[in-house]
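Top line first, the protein sequences correspond to chains R and P.
Be aware that the first sequence starts at 1, since it is given in my numbering, and climbs by one per residue.
Be aware that the second sequence starts at 1, since it is given in my numbering, and climbs by one per residue.
Among these hints, one or two may not hold up.
Since the list gives no way to pick out one identical chain from another, each pair is judged satisfied if it fits inside one copy or across any two copies.
[Said to hold, decoys possible] Below, in silico cross-link-like pairs of lysine-lysine (DSSO-like), each with a Cα-Cα straight-line distance of 27 Å or less:
no., residue 1, residue 2
1, 15, 40
2, 22, 44
3, 131, 15
4, 40, 22
5, 147, 22
6, 131, 50
7, 147, 40
8, 189, 165
9, 40, 50
10, 147, 189
11, 50, 189
By construction, these hints were calculated from the structure, which means they are not laboratory data.
There are 2 protein chains.
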Amino acid sequence: MAQGIIENLITQLMKLPGIGRKTAQRLAFFILNMSEEDAKAIAKAINNTKERARFCCQCFNITDAEICEICRDEQRDRKKICVVEEPSNILVVERTGSFDGLYHVLMGAISPIDGFTPDRLRITELLQRVKDNGATEVILATNPNTKGEMTAQYIRELLKSFNVKVTRIAYGLPMGGDIEFADEVTLSKAIEGRREL
Amino acid sequence: MAQGIIENLITQLMKLPGIGRKTAQRLAFFILNMSEEDAKAIAKAINNTKERARFCCQCFNITDAEICEICRDEQRDRKKICVVEEPSNILVVERTGSFDGLYHVLMGAISPIDGFTPDRLRITELLQRVKDNGATEVILATNPNTKGEMTAQYIRELLKSFNVKVTRIAYGLPMGGDIEFADEVTLSKAIEGRREL
Chain R
1 MAQGIIENLI TQLMKLPGIG RKTAQRLAFF ILNMSEEDAK AIAKAINNTK ERARFCCQCF
61 NITDAEICEI CRDEQRDRKK ICVVEEPSNI LVVERTGSFD GLYHVLMGAI SPIDGFTPDR
121 LRITELLQRV KDNGATEVIL ATNPNTKGEM TAQYIRELLK SFNVKVTRIA YGLPMGGDIE
181 FADEVTLSKA IEGRREL
Chain P
1 MAQGIIENLI TQLMKLPGIG RKTAQRLAFF ILNMSEEDAK AIAKAINNTK ERARFCCQCF
61 NITDAEICEI CRDEQRDRKK ICVVEEPSNI LVVERTGSFD GLYHVLMGAI SPIDGFTPDR
121 LRITELLQRV KDNGATEVIL ATNPNTKGEM TAQYIRELLK SFNVKVTRIA YGLPMGGDIE
181 FADEVTLSKA IEGRREL
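Use the sequences and the hints to build the structure in full.
Here it is as structure tokens:
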């Protein structure tokens, strides 16, 4: 190969999702021109992720410790549990700054076709936590699609025997969007979920 | 920070061009789920690039040796030199498989506004190589834009005193394109450069 090192970097970067040859090439030459410190920080972050990342034994968030920082944080309301499908969803909710409780990652959603039956999700652990923490509210923040809905309904049923409020995140129009472009289902959900001003 | 390791990886990935928070997040969680071997290969490729990449002392291509593989390759026609602006351009030309000569990287293009005067480019080295190699053809493959054109014209002038054929890569319609969508300049260049069939 003519340009061994760069060609290797390009091949490696192409393993990432959404990165084709052209993008990989652009990234590779950008990395080549970066300061050594900056470039090595990227490599180190990748290595660290693989070497140190593990799941929190309580909520299944990603962490480098036994228990994640959110679960360890004494300031957070331990009586509210927000249920999400994937660890990455926690990041999204955290960035809103509108939730101060704990999380629970299901590690997927119910999808019988894909062989994802409820027993493969961290539902037993969720029920245990609801009991142990004496939770007052469980917010179901699974995805607003068929699998997420099914999962939310399933958990909703299981929690009926617990003395806990179960809520589902709201459906509606995305902010900054245009009513013109809203699909009918979303729009009808938005009307259904209208609130008094 | 809630998710130190992942958050750090996201921050690091966001340093790359065209990678915003959302893409970085997607990549980070993808890396998290990759095999350790695959992920580390990416990190290693980045480190290698920074540690071992240097410029070929003859053509200024990127290499990990004193002289790059293309310049070392005895099979290549040393009498043809293809002049490009950046090392990344070599990769593009190489992939066409339609050139078997050597390259010469200028390390930029003439652009007086940006302070890129001809003396900052590897032009002296090019002239020396043309002389030393007894080159028969110099192909100017600088970009088809103002800077690239200016650079090509400049080098063309300098090479007039040498006994060497100087060519410029062809302008025309991109393959697979539609004549309908061609801009006027390209189309007029395509007509101007028409060839007998």
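Do the hints match the structure? See the list:
1. For a Cα distance limit of 27 Å, the shortest separation of residue 15 from residue 40 qualifies both inside one copy, at 19 Å, and across copies, at 12 Å.
2. Taking the shortest Cα distances, residue 22 and residue 44 sit within 27 Å of each other both inside one copy (24 Å) and across copies (21 Å).
3. In this assembly of identical chains, the alpha carbons of residue 131 and residue 15 never lie at most 27 Å apart, being 43 Å within a copy and 44 Å across copies at closest.
4. Taking CA atoms no more than 27 Å apart as the test, residue 40 paired with residue 22 passes in both settings, with 22 Å inside one copy and 22 Å between copies.
5. In the homo-oligomer, the alpha carbons of residue 147 and residue 22 lie at most 27 Å apart only across protomers (23 Å), although the nearest pairing inside one protomer, at 35 Å, exceeds that limit.
6. In this assembly of identical chains, residue 131 and residue 50 lie within 27 Å of each other by CA distance neither inside one copy nor across copies; the values are 33 Å within and 53 Å between.
7. When the C-alpha separation of residue 147 and residue 40 is checked against a cutoff of 27 Å, the pair qualifies neither within a copy, at 40 Å, nor between copies, at 33 Å.
8. When the C-alpha separation of residue 189 and residue 165 is checked against a cutoff of 27 Å, the pair qualifies only within one copy, where the shortest distance is 22 Å, while the shortest distance between copies is 71 Å.
9. In this homomeric assembly, residue 40 and residue 50 come within 27 Å of each other (Cα to Cα) both inside a single copy, at 15 Å, and across copies, at 8 Å.
10. Taking the closest pair of Cα atoms, residue 147 and residue 189 come within 27 Å of each other only inside a single copy of the chain (18 Å); across copies the shortest separation is 55 Å, beyond that limit.
11. In this assembly of identical chains, residue 50 and residue 189 lie within 27 Å of each other by CA distance neither inside one copy nor across copies; the values are 41 Å within and 53 Å between.
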